[in-house]
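Sequential numbering from 21 applies to the sequence shown in my numbering.
Simulated from the structure, these hints should not be mistaken for laboratory data.
Keep in mind the model is a prediction, meaning the values are calculated, not measured.
Check each hint, because a few of them may be wrong.
Restricting the straight-line Cα-Cα distance to at most 16 angstroms, the calculated cross-link-like pairs of lysine to aspartate or glutamate (EDC-like) are [to be verified]:
id	residue 1	residue 2
1	Lys471	Glu512
2	Lys74	Glu173
3	Lys748	Glu949
4	Lys74	Asp97
5	Lys471	Asp492
6	Lys748	Asp959
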Amino acid sequence: MQPSPEQSPHHVYPDHWEADVVLRDGGTARIRPITTDDAERLVSFYEQVSDESKYYRFFAPYPRLSDRDVHRFTHHDYVDRVGLAVTVGGEFIATVRYDRIDERGRPASAPADEAEVAFLVQDAHQGRGVASALLEHIAAVARERGIRRFAAEVLPANIKMIKVFRDAGYTQQRSFEDGSVHLTLDLEPTAESLAVQRGREQRAEARSVQRLLAPGSVAVIGTGRTPGGVGRTVLRNLLGAGFTGRTYAVNRAFAADQGTIDGVPAHRSMGEIAEPVDLAVVAVPADRVPEAVADCGEHGVQGLVVLSAGYAEWGAEGRERQRELVRHARSYGMRIIGPNAFGVINNAEAVRLNASLAPEPPAPGRIGLFTQSGAIGIALLSGLYRRGAGLSTFISAGNRADISGNDFLQYWYEDPDTDVALLYLESLGNPRKFTRLARRTAAVKPVVVVKGARHSGSTPPGHAVPVSRIPDATVSALMRQAGVIRVDTVTEMVDAGLLLADQPLPSGPRVAILGNSESLGLLTYDACLAEGLRPRRPLDLTTAATPQDFRNALAEALADEGCDSVVVTAIPWVGEDGEAEPGDGEVLATALHAAAAAGPAKPVAVVHVEIGGLAEALAVATSTVAQPRPSAQPSSVTPPSRAGASARTGPAPAHTGSAAGNGTATATDARADTDGQDGQDGQDGQGAGPRTRIGRIPAYPAAERAVRALAEAVRYAQWRRQAAVPGKVPEFLDDTIDEQGAADLIEALLGPDPDPRGRPLAHDEAGELLGHYGITVRPTLPAPDPEAAVAAASRLGYPVALKTTAPHLRHRADLGGVRLDLANETALRRAYGELTALLGKPAELRPVVQAMAPRGVDTVVRATIDPAAGAVLSFGLAGAPSELLGDTAHRLVPATDRDAAELIRSIRAAPVLFGWRGAAPVDTAALEELLLRVSRLVDDHPEIVSIALEPVVVSPQGLTVLGASVRLSPPPARTDLGPRRLPNY
């Protein structure tokens, strides 16, 4: 929407104010500035507003708008007078307007920083959170235009509007004057206003996903007239899953008298369906999708699953077609899964939705699965099916032009049917938001991620996302900081997901290993050590061990307070006659289930080699009554009947899935019931009580896979315990930081017309800026000739260092560009001559003299601003460890005291800082403080796009910053702090 020529020529139409938003009920709407072309829309909108709402807006009966009113409400200068509208289907459903005023309430211009604001929402759309979303956006516009406060007059009876202002989280004042409530809102964002905004975002986006996953009715657009084809397959799967709602088949090629197809009502268009339709699955060629979208929008469909291909994965033309698809759907308030999607599944008993092409639908379970690839989705579903795992929900989003993994994290965060979230991602559309949502979700349930396209250097076909410059290793570190379990392959994701969904979290790294193969036990022991676990010496039950021996040993290991988890290893055993015993897998599974159910709640994993039926039998979960702790001699195990054994040879049936419903419960429930106690997730290895359910026990064909999954669970459990008591930024920093002084200096350095490419700071400028945050850089003096070098050394005091600062030699002591411990003038002159003779003329080398620092460990501290991920703080040892071996740790800014401590200790070369091989430990407390100061600096001042402190010499007492480089640039937009809006890729 662009302004007409009548619009003020001084202020162009601010198209960056346009935004798509998700409302409280999960529907979408568009917010945009009002223009002179909107006169008819405004009049039509006003005619649909009730007399009561008009009275609340104008404090008097106001049945219609005059021509003068229409002109006033559609003509804005976008600075002192601004109007925004919320539209659905191109028509207004709400408006808001502000007018800048002076201290007497009269119309004014800048520098006046107060404005009067007024809202009007159609009665049919009240209660959808429209006014709250408008307030966020009009407040952001006002701040951009230099307005710091809103004033509003509200009638006392207008309770809804008063609540909108009261609940926004802004600092406000209220008074009662002349029969109305006078409100003043300070528009500076607060921690409360940000929390309110994000809480509303979570509820709205979760609701928008719920509308797609739990529809009351589904229409398949593109259902074929003959068996086969995409549309007919989806319809068949819907019916096969027992979908509890209404189902319709839609194809414009149906004959006029086509009553049903596969027993489902058949229609040629959505308009022929008399009842409302919640979800439409679109399976028509791309060129017919716009017609289908319009048909759905006019019928009031709430969401679309677009299976059709031919979009961004086909190049520039397809990418534009994809953008238009999203714009078109959102204009009707609909959200989209896809295009090029594989479909969605919701196994909830009340829904039973399979709107996908999945050939092997999974059983109900506690795992939520999101994938951006249909092929990977098929592989994951097949793998989970074979291993008897159950899913709560499955989503294959294809090009994920609208709904993304972020939306499903919002949904899974409070979904009672999902205990573990698995995501296969090929791109991150909004990395800042992803890490924020993942951290919150991981605090209550595990989030396991596989990141594809890690090293391609390009965006996967079909994914139009912001480009990130940070390497994949940094992405991995930031995910782990947020509590995400990052694995490398989809096999590892399934392995970890099965353990996390069906077993309690371990309370520590101590692992008991038992089994009937000494070799397999040793392989498991080695794998535990490689993963940083603390295994006990394997218990060899010998090849003669019976299932009863396994039960006894597992019961004893679980009861041992020095054990946090157990890995059982098993190979086939033979009877006294040398023949393999029939049904041995089912018998062993029964024994292990019994021991696990009776023992304390600790995770158990099984590594097996060629034991028929064991994995399938272990995957069965059956409910039991509470059982006491095991005795020293548990009762013997009764082998199941042949009928019972054969019943367990396949994947778990739906009614025996992991705690999905029907009164069935597993070990997962035991974990959920005790989460959050004393930061130990209810399990401490000492006070853990007996299990009240027999849950699935995950089985693995290799020791390495089982141990890797267990190690991920151990690390995640440790993160959960730490996250329960979050870190903080020490208050002492406030006393030594001059935030305003730094801001003034940055403004002066950038100047009134800053170069958008930014500018590097000179050494002295960088030192002055860092000094405002208590970071002292050891001074250097230029040495353009030997005499200047001697003079500089005399001023600084011997011993000194002579260094080159030419870019190609900076920090390259290995090339001879640094000479240290020059104790007198003779040594300095000799070093100067050698330096210039070896490397070039002084003008090329740019030599400087610097006083020597106390001996210590050379480290490097960096902070960079990535346009997609945000500010990242990094630490490593200077030189080869970080540059050649990539031994660098990363954390998102702002960093807490815990982040700083972990940053130092998480590099592989960390022992060098703590007294490796008899050396004196360095002052890590001073190093942590420096990291916190750098973090605070870049967090306070977004104009700082990069900082590098190198080297930072950390000695046993204190540290010395020898070099610093800083780059400034106009601050990038912080979309994560602005009003809620859907991304436009």
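Hint check:
1. Simply put, lysine 471 and glutamate 512 have alpha-carbon atoms about 12 angstroms apart, close enough for the 16 angstroms limit, and the pair holds.
2. In summary, the hint linking lysine 74 to glutamate 173 is supported, as the alpha carbons are separated by about 14 angstroms, within the 16 angstroms threshold.
3. For the proposed pair lysine 748 and glutamate 949, the alpha carbon gap of about 12 angstroms is at most 16 angstroms, so the pair holds.
4. A threshold of 16 angstroms between alpha carbons decides the hint, and for lysine 74 with aspartate 97 the separation of about 25 angstroms lies outside it, so the pair is violated.
5. As the CA atoms of lysine 471 and aspartate 492 are separated by approximately 9 angstroms, the hinted pair is consistent with the 16 angstroms bound.
6. Simply put, lysine 748 and aspartate 959 have alpha-carbon atoms about 14 angstroms apart, close enough for the 16 angstroms limit, and the pair holds.
Against the hints set out earlier in the document, a violation occurs for number 4 only.
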